[in-house]
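Take the given structure of chain D and dock chain W to it, following the hints.
Number of protein chains: 2
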Amino acid sequence: MPEQTTGASRPTLEAVAAHAGVSRATVSRVVNGGAGVRQHLVDKVRKAVEDLGYVPNHAARSLVTRRHGAVAVIIAEPEFRVFSDPFFEQQVRGISRELTAHDSQMVLLWVEGVGDHQRIARYLDGGHVDGALAFSLHSDDRLPALIARSSVQAVFGGRPPVGSGLSVPFVDCDNRGGAREAVRHLVSLGRRCVAHIAGPRDQTSALDRIAGYHDVLVDPDPALLCQGDFTRESGARAMAELLDRRPELDAVFAANDLMAAGALHTLRERRLRVPEDIAVVGFDDMDSVVRDTEPALTTVRQDIEGMGRLMVKLLMRLLQGRSDAAPASVITQTSLVRRASA
Amino acid sequence: MPEQTTGASRPTLEAVAAHAGVSRATVSRVVNGGAGVRQHLVDKVRKAVEDLGYVPNHAARSLVTRRHGAVAVIIAEPEFRVFSDPFFEQQVRGISRELTAHDSQMVLLWVEGVGDHQRIARYLDGGHVDGALAFSLHSDDRLPALIARSSVQAVFGGRPPVGSGLSVPFVDCDNRGGAREAVRHLVSLGRRCVAHIAGPRDQTSALDRIAGYHDVLVDPDPALLCQGDFTRESGARAMAELLDRRPELDAVFAANDLMAAGALHTLRERRLRVPEDIAVVGFDDMDSVVRDTEPALTTVRQDIEGMGRLMVKLLMRLLQGRSDAAPASVITQTSLVRRASA
Chain D
1 MPEQTTGASR
11 PTLEAVAAHA
21 GVSRATVSRV
31 VNGGAGVRQH
41 LVDKVRKAVE
51 DLGYVPNHAA
61 RSLVTRRHGA
71 VAVIIAEPEF
81 RVFSDPFFEQ
91 QVRGISRELT
101 AHDSQMVLLW
111 VEGVGDHQRI
121 ARYLDGGHVD
131 GALAFSLHSD
141 DRLPALIARS
151 SVQAVFGGRP
161 PVGSGLSVPF
171 VDCDNRGGAR
181 EAVRHLVSLG
191 RRCVAHIAGP
201 RDQTSALDRI
211 AGYHDVLVDP
221 DPALLCQGDF
231 TRESGARAMA
241 ELLDRRPELD
251 AVFAANDLMA
261 AGALHTLRER
271 RLRVPEDIAV
281 VGFDDMDSVV
291 RDTEPALTTV
301 RQDIEGMGRL
311 MVKLLMRLLQ
321 GRSDAAPASV
331 ITQTSLVRRA
341 SA
Chain W
1 MPEQTTGASR
11 PTLEAVAAHA
21 GVSRATVSRV
31 VNGGAGVRQH
41 LVDKVRKAVE
51 DLGYVPNHAA
61 RSLVTRRHGA
71 VAVIIAEPEF
81 RVFSDPFFEQ
91 QVRGISRELT
101 AHDSQMVLLW
111 VEGVGDHQRI
121 ARYLDGGHVD
131 GALAFSLHSD
141 DRLPALIARS
151 SVQAVFGGRP
161 PVGSGLSVPF
171 VDCDNRGGAR
181 EAVRHLVSLG
191 RRCVAHIAGP
201 RDQTSALDRI
211 AGYHDVLVDP
221 DPALLCQGDF
231 TRESGARAMA
241 ELLDRRPELD
251 AVFAANDLMA
261 AGALHTLRER
271 RLRVPEDIAV
281 VGFDDMDSVV
291 RDTEPALTTV
301 RQDIEGMGRL
311 MVKLLMRLLQ
321 GRSDAAPASV
331 ITQTSLVRRA
341 SA
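Chains D and W, in that order, are what the protein sequence lines are.
Numbering-wise, the first sequence is residues 1 to 342 according to the UniProt record's numbering.
Numbering-wise, the second sequence is residues 1 to 342 according to the UniProt record's numbering.
If we strip away everything but chain D, and leave its shape as in the complex, we get (with noise of 0.2 Å):
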């Protein structure tokens, strides 16, 4: 009985035109949007597809191959921060050039507020895409979740929060061990007072980097650790309120390269001297920002570019079905990078 309706449901083009008493071409206009076809006849032709439950080849074939030919990247940020933040630019690099290797379309998402969750996941439900890429996410709101239960198959960029009980595959530098090379390279250099700028706790990549800060420095001075929010203007406001507290700290580790650039910014309005007085290092070694720091900035490096690459590899093998052979995740080496400012 099922292998009979195979023939009859599958109504062709051809029908629906006579059906509607239409042509054949003003049926397809219809179907792929209707631009151009006047009222009248746009609804005769829904009303004939309707009644024959009539479905355009491309729908039934890409539910069968599970191939839109296109793949979703989402930024957790809104479009102030993706537009600022040189990191999210050499992410989306890395990512738009894979995909373009695997002809396969990005579309590109941001998120402005918490109000914009519910359509995104609705978007990942709709059958329009292969798969998401989604970085930047916050352990505090919704979305990571929303994105993992999602009927397609996500990659992030950065771990899921440990305890969010959200199993997705990910893309990670090794931020801990990143860190804690920055700051033995600190106290290697004889300094004793080293301040941590940190990004926001409701990353997991900004707490890793905590981490590996503690796992250096031993129970530090609480008044030591300062929060940012991985922009420029907070790792200047957090160096001066440093600066106040513990006027006698003679370097600071900054949880970005674009925190560190605003630290050297205060330390330049302080007269402070860099490395004499205050040593100074980032994390990311970010071309674009580090190429105008001064003194030139020592650094963490993280491949950000390589790691988008990274995640759209990693989402093709599990969209091909290879997900047993592939690694569940990635966790890839950082490397300091010695310059002038330490």
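No lab work stands behind these hints, which were simulated from the structure alone.
It is possible that part of the hints are untrue.
Coverage of chain W stretches by chain D, computed from C-beta distances (three or more under 8 Å per stretch; other residues unrestricted) [to be verified]:
| no. | region |
| --- | --- |
| 1 | 193-207 |
| 2 | 248-262 |
Just a few of them, taken from the derived set where beta-carbon distance is under 7 Å, the chain W residues facing chain D [what the hints assert, rightly or not]:
| no. | residue |
| --- | --- |
| 3 | GLN39 |
| 4 | HIS40 |
| 5 | ASP43 |
| 6 | VAL107 |
| 7 | LEU108 |
| 8 | GLY113 |
| 9 | GLY321 |
Ideal Cβ placement from N, Cα and C applies to all residues, glycine included.
Relative to the frame of chain D, chain W by itself:
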């Protein structure tokens, strides 16, 4: 006879589950992407889907309502331009906010090269978006035609080239009128030798601003017109070339603010005073550019964010079939903003 197929043509999820010998939940997961389902079950479900001609509800629904809840925004520029020219950020901001107001998801695409054109056209024809907004289009490649001929309703940012045969509704500002006002202002200040740093000749905005320049300065010395590409660097280079060609020039109208900022940089290097030696006018009134120029930049203001919003409004009216009531295209007014540079 067609009416009779209606019932038979919509096999249920339950029918697919029974045919495949799996649970309803398994069918649902496979149909929605298949993440986490073992391969032999995926294969069984796919065979049942094909045998029965099953179509998930969301595809059938969106086919009839034409509501995917998403709109493609296509920037016909490579990623480095998208992230370095604040014009795109402002245009996309307006679009993003207005789409959110319509509960529609913005999916952003850009174009690294001609190799991307066919993939973008395929994506538009794939039934994933309700419409497309495209801007920074170039008349010497095929993308504008591919978008215009795609199956979804499109609205362009910027008018299509005359003679292109593309009758796509568009939103643009009065580029020619704005340029006229800029040049008239320079002439009214008594400037005798007014140069123009033009944008790329494959973009109608650049051509229209050249036309406005020629409207005021009938038959100017061709050596006073120098070509840029809307980047800051090209403005700096063009200014240097103009000064080498015509050291006596006393004013320059740049076709956008970024090129004007580049020109100011060159003038500073050459130790020429603005406006005493050379008056400078830009185009756009882009906050993030004009707030940093020294001296403050006189420029032609266009409401870039507002134009992004207008593109969405026009698209939504067209999608709602209100094309008769809606104007085909919108041309917004510009205004001269007088500051210190001219």
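(message) Could you work out which of the previously given hints the structure breaks and list their numbers from low to high?
(response) Violated hints (numbers, rising): 1, 2, 4, 5, 8; every other hint is consistent with the structure.
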